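Colleague: Residues per chain are reported as follows:
There are 2 protein chains.
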Amino acid sequence: MDAFILSEWLQQHFAPSDDSPAYHRLYRLICRAILEGHLGAGARLPSTRDLAADLGIARNTVLQVYDQLAEEGYVHAGVGRGTYVEDIRQDLLDPVDGGGDAPAAGYAAPAHDLSQRGRRLVSSLGFSNRQAGAFMPGIPDVREFPLKTWSRIQNRQWRAGPWDLMRYAPAGGYGPLRQAISDYLGSARSVRSTAQQVVMTTGIHQGIDVAARLLCDPGDTVWVEEPAYWGVRNLLTSSGLRLVPIRVDDEGIWPGEAERARPPRLIVVAPSHQYPLGMVMSLARRHMLLDYARQVSCWILEDDYDSEFRYDTRPLSSLQGMDEAGRVLYAGSFSKTLCPGLRVGFLVVPRALAGAFADSVAELYREGNMMTHAVLADFIREGHLSSHIRRVRRRYAERRACLIDEIRRHFGDALDVVGGEAGLHLILALPDGVDDTLVVRDALRQGVVTRALSTYYTERENARSGLLLGYAGATPEEIRPAFDTLARVIGAYL
Amino acid sequence: MDAFILSEWLQQHFAPSDDSPAYHRLYRLICRAILEGHLGAGARLPSTRDLAADLGIARNTVLQVYDQLAEEGYVHAGVGRGTYVEDIRQDLLDPVDGGGDAPAAGYAAPAHDLSQRGRRLVSSLGFSNRQAGAFMPGIPDVREFPLKTWSRIQNRQWRAGPWDLMRYAPAGGYGPLRQAISDYLGSARSVRSTAQQVVMTTGIHQGIDVAARLLCDPGDTVWVEEPAYWGVRNLLTSSGLRLVPIRVDDEGIWPGEAERARPPRLIVVAPSHQYPLGMVMSLARRHMLLDYARQVSCWILEDDYDSEFRYDTRPLSSLQGMDEAGRVLYAGSFSKTLCPGLRVGFLVVPRALAGAFADSVAELYREGNMMTHAVLADFIREGHLSSHIRRVRRRYAERRACLIDEIRRHFGDALDVVGGEAGLHLILALPDGVDDTLVVRDALRQGVVTRALSTYYTERENARSGLLLGYAGATPEEIRPAFDTLARVIGAYL
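Line order of the protein sequences matches chains A and B.
Take 1 as the starting number for the first sequence in UniProt numbering and just add one per residue.
Take 1 as the starting number for the second sequence in UniProt numbering and just add one per residue.
Okay, chain A solo, but in the shape it has when bound (with noise of 0.2 Å):
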């Protein structure tokens, strides 16, 4: 985002109705800007001056908020050059950043280099390049990875001259795992297919955008969840499409008259926890939202995403398995199960699509990685994937039995617990008034990871308050102290 965006997107956002002094007004919505990632290590901050005039604010004030953000290390001012946004996001795995001879990543581009849906899209990221430790969510455990067993299989495949394995995919995939993951399918989830209905994919991201391409037309409008997953609302606004976000009470999703009256094209939820408030899809909510979608004719797409870990119940069966009239599209990947490394995931297609999404995807993406494929498929059949799911399944069980005991040790019955019952993460409820995101601020300044709840709604002013806390990356040994540190930051809060 270069100056010029980054001042029109200020003035967007620079609230006139908030009732707090222009001075503190301004300096939230640039730390939101950098901790969201809106605004990129290296992006220039506009001018003083200029801001000023385009917010129609004394000088001084934005002289001040500057200030302010230098000394809290968010900008550095360049040598008689203007203001600069430090790099916060720690980009552990880049070597790359800091070379010396190039002057930033960040937006540099001017704003007539990107197309509109790609300036959209660089001023709303939602991934993070930090992939570990308390309390990152939505990350498995990679130390647990079963990397024994895993090479064995694959040292004995590729002992074999696996040269099959080595070319392009064929459409749909490599046979042996589609016919393995409709049969672990239909013993786990309760999914009715056939291996033709099996179309091997990258990953969620990628089941979402071969959807979006294959179901809708740009200007199509799609239903998501409020709040949902950040990756959900980015690739479908670049695909062209309309989001309406629909509300989500404890039940799962809930349209009201208004918005069944005039029907999406694609609805996207995930019933078996939703993202990220956690919360299973009741029964009568499912049976809505099948008959609603065979009576308008309507696309589901269920992002069952990490439905195999559940602590206190048994996981309801997918909506796939209770549609009659095929309409549900069923998206799962093994990123929560082993890695995200692995780049493994697919999609459950109704009968009729199958030809249709098994093309496309060999077409769209030309895919290959069918050595990883092989083992996985041998992995999955030999009984492998189903006792790691159980063993570390007690392992996530036992570090989220330490995080909540560690949120009653310090804040009792003063703080709610949300959606804890599954997945890999849980929800922390902060009094309403509370803004989660610089208590996340101020936790990644001492160290600790966090992620700000209201940031998952598209509609802010309706957000609730909350930090969500990912607990199966980290041991009970790494989970106490960090709790301990953010429990301090969160008390200065309350």
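Hints in this document: simulated from the structure, not taken from any laboratory.
Every value quoted in this text rests on a predicted model; they were computed, and no experiment measured them.
The C-beta atom is built at its ideal place from N, Cα and C for all residues, glycine as well.
Among the hints, erroneous ones may be present.
Using C-beta positions, here's what the derived DEER-type ranges look like [to be verified]:
(1) A/Gln295 x B/Ala53: 29 to 37 Å
(2) B/Gln157 x A/Gly412: 44 to 52 Å
(3) A/Ser20 x B/Ser124: 51 to 59 Å
(4) B/Ser124 x A/Lys148: 55 to 63 Å
(5) B/Gly326 x A/Gly133: 33 to 41 Å
(6) B/Asn60 x A/Leu283: 56 to 64 Å
(7) A/Arg488 x B/Gln157: 33 to 41 Å
(8) B/Arg156 x A/Glu477: 24 to 32 Å
(9) A/Lys148 x B/Arg460: 52 to 60 Å
(10) B/Ser124 x A/Gln116: 43 to 51 Å
(11) B/Arg156 x A/Gly133: 24 to 32 Å
(12) A/Arg445 x B/Asp183: 33 to 41 Å
We have chain A; now place chain B onto it with these hints.
Modeller: Chain B in isolation, oriented as in the chain A frame:
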């Protein structure tokens, strides 16, 4: 494609201007649709009564065409239920088909089920499930893959406990690989870059896709070479872009006055080795293109897909290396130099775009695959890539010489060989008037895979007739008998 859509499509393409009898025109049209993959296995043809009415021809004519198609193995009659396309694509790797319980893959989806762009996509597929043997173009000989060296590096890295490599990749990808690629391209292809400008992708397709999204909005114009790689066309179209095919002459892309008067947003070219014709873009044409892009502020995507394989001449340096204005994005992959299954490619983007591209790839595709990236980084740094390329280049040069010898032995100078100085395939030109798709069909029946040059053109009426013959994937012992067979097939058309 269901029967209704198919009928519409046939009406559209059933050219009344043609002088040949209706029987021949319909027969060729359906053959072509099947051979080019527009009609997948299991697709149902319209009833003879409906199709005759739709095309305004005698029902008996349609009946004769269907009989002929059945006799030749293109279609089969279902019991009392119509006529279905046979599986002629020989999905070698896909044991899923023919499972018995499912009716067929094909495009069983009713027309209203897919979006418009989805229907367009599945009715113009370019990929093939056939990925080996004489004379499939575009694939290297994976049997040459340096499995031992690769395994050694891989085992070394896995023993070290590669936990960090098993997570999602950071923005831009695995840092050491970006550095290794930047260094390698600097010396091998005169590409000028820092590691920050190298953004890892899964291949050329993903590079084109992210460029389309970040640089172009739906409705924007893109110039593509005429003829061009099929993947470019379908990717860009499904991203909402409008393609303008620009003719190529012996020096490369050659936009006319009228075309230059309406600047595109993006130009996609393969200057080192035009696909599929194989000529190298002249220096004058390169300067013209770079000047034009600077003047009108459009982008150039340089597809440098197999520039490493040149036999008679030294490779020209990349277009990127000549670009002073920062308008060129350079796309490459290891699909041809190592093997397609790895799914490792990259974009080298202008410095101003580096942050936006790195972040957007992470956001849109949620990449990983760093276990492979780390092996490849060491593989390149230790010099194995360069020596592997030198080795297979010699191997492919022998195969190319063998194929040209065979061509000369059978046809003398009667048929031209085009574009054989580089790459993994050459083009055997056929005389004007010979329908190359029929030659392809007949060769396929004899077990020899080729591709028809005319199908790479957007505007078929200006297409040249010829066969793409890939020689890299077959040994001389495989090439000779296959070409004997092919020569007999071609002979029947001369």
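Colleague: I'd like to know which numbered hints this structure contradicts. Please list them from smallest to largest.
Modeller: 4, 10
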